[in-house]
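These protein sequences, in sequence, are chains A and B. According to the working numbering, the first sequence holds residues 1 to 344 in order. According to the working numbering, the second sequence holds residues 1001 to 1327 in order.
Read the hints as simulated data drawn from the structure, not as lab findings. Do not rely on the hints blindly, as some may be mistaken.
[What the hints assert, rightly or not] Now the stretches of chain A that chain B is said to cover, found in silico as 3 or more residues with beta-carbon under 8 Å: (1) 102-109; (2) 117-123.
[Stated by the list, open to error] Quick list of in silico lysine-lysine cross-link-like pairs, DSS-like style, CA-CA up to 27 Å: (3) A/LYS301 / A/LYS284; (4) B/LYS1254 / A/LYS132; (5) B/LYS1254 / B/LYS1316; (6) A/LYS184 / A/LYS255; (7) A/LYS260 / A/LYS293; (8) B/LYS1280 / B/LYS1316; (9) B/LYS1051 / A/LYS227; (10) A/LYS165 / B/LYS1051; (11) B/LYS1280 / B/LYS1322.
Backbone N, C-alpha and C fix where the C-beta goes; we use that ideal spot for every residue, glycine too.
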Amino acid sequence: MQRPEPRDEVEMLALMLLIRRFEERASQQYQAQKIGGFCHLYIGQEAVVVGAIAAVRDDDYVITAYRDHAHALARGTSADACMAELFGKETGCSRGLGGSMHFFDRSRHMYGGHAIVGAHVPLAAGMAFASKYRTEDRVTLCFFGDGAINQGSFHEALNLIALFKLPVVLICENNLFAMGTSVKRSTSLKQIVDRAEGYDIPGEIVDGMNFREVRDKLAEIVCSIRKDPHPAFVEIRTYRYRGHSMSDPASYRTKDELEKYRLDDPITRLRAQLTREGKLTNEKFDQIDKHAKETVLAAVKFAEKSPELPLERLYDYTYVNSVVAGVSPAKSKESAADTAATTR
Amino acid sequence: MREITYRQALNEALAEELERDPNVFLMGEEVAEYNGAYKVSQGLLERFGPKRIIDTPISENGFAGLGVGAAMVGLRPIIEFMTFSFSLVAFDQVVNNAPNMFTMSGGQFNIPITFRGPNGPAHQLGATHSHATEPIYANAPGLKVCTPATPRDAKGLLKTAVRDDNPVLVLEAELLYSSKGMVEPPDEELLIPLGEAEVKREGSDVSIICYAQTVRLALAVAAQLEDEDISAEIVDLRSIKPLDERAIFDSVAKTHRVVIVEQDRPFCGVGAEVCYRIQKNIFDELDAPIVRVSQEDVPMPYNERLEKAVLPNADKLIAAVKKVCYA
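Input sequences plus hints: build the corresponding full structure.
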């Protein structure tokens, strides 16, 4: 079975650092009001997506919820395109039309960025359905938060995924809080992974602060799915250091709790492992970190100087073959444009 | 041309598109082994096999979303709702995911999906099963909505919908499935563009604008009105979105009087939009205020007599025509 070339761990550490530095800079730019709307940061959870991506091929499908900056970056979307999207610029990965919660990158098989909780799990079913329909051995990675597991679309999708034996890894990024509601107050189960059992999907719990554990567990699952299409569920236990979004001070949890997790930081942990094994020096780490910071700073500059989509192109991305303001184009272009102008 | 039923016409359209493009598949409740709740997919499982004709559990949100996801990666799903009243359970997928994806992704992901099934009031099914969903879906930018009224339109519009690169809703009508009409023979490709209305009957005194189940009503009324020397032109919208403004305006410029007869409810209904566009663009052509005939603004009662009172009918339509004709 084709297993991807093992990804270099130092590179993976660099990717985690890039994500961390990107999110820190996004936070700062949000506060400077360069970024609008909602902005959900991934800080603390980096080992989850990087571990998972390290276990799959470049042509496997990736889809996630609204805390999605890291998934695009991990897939290889440039920091420039990600930051420009946050700035609402045409050079953004969704041309500035999606924003923080709707990052897409077709060429890198990153299928969004979905902001209605649980609503993308049926989409993952469809993507995996297509792989199976075409007898490809692609695997779909579907990330979602602990808040999604009580949503109807999640349950309907899990049933379909199990029923049709679709090649999906359902990855629950359990950061213990759905916005401000702790899992204990939202979910009837003692542990989230038990949701999978209800659909006869094999499930496991993984330590999301440990890059190697995430990667190795996912690699094993993905390998088994490629041999014979089937779903799998992993509850990856992680923690976000920041609030749910930029506007959330996270007063529903204690400083002690946060400190406890910070001591188990995924980047620090992988760094220590690599250092211990002689694969990383402090100088090299500093160099990687400096590079991440510079990349992100350059991304801010790129985003700042990028153009916005011109107003004349407002209607270009509603229908594939342009229909203006709901009216047949060839028939009455003038009155349609006119109507569009007045009804806006 | 030969005479076939609306149901057969849809069945032919499905079969021809499944035959033409291996990326097309049909999914929904009871579409395969049961041959369709309304037998529209009769024989398709046998012909195309279980890989392409797929029964689902009762999970509209789930399988509608599965269709959207499959469309993101290049398949062309046809998703059947046993009725569009049930599509409301999948509303988030139809309104939030299917049409928004193209915009949200900056044009990277279009969704070539067809949602189809019966829509609009049938007969004594009560409030939950009688929804005319066209104004709800036409309100969502990115969706196309068509409402075939004849077997020919049903076949031609459904085939076009499947080939369209955008999400298209083909709103069929339970009461029309057994109706008959002339359709081109199977060896002649029949594609009817979305966004093209059709004048189903020429007339000179009043334009009756209609669609779906109200087309038959309008044609019947036009025949009656002839006895009273009122010549009605019947304009079948066929597509709600895109809307064929030109065909509407051309007819109004000819007759100067308009009645809109629609199968949905009055408040924010299709007729309200058509009416707005006429007065805004060709106000001077009007010789009388536009009158709309629609459902009453109540949840559909089960009681047969009350249900009839809620729906548009010949008496209401004739009265409306006479009103705009000052007859």
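Mind listing which of the numbered hints don't hold for this structure, in increasing order? 4
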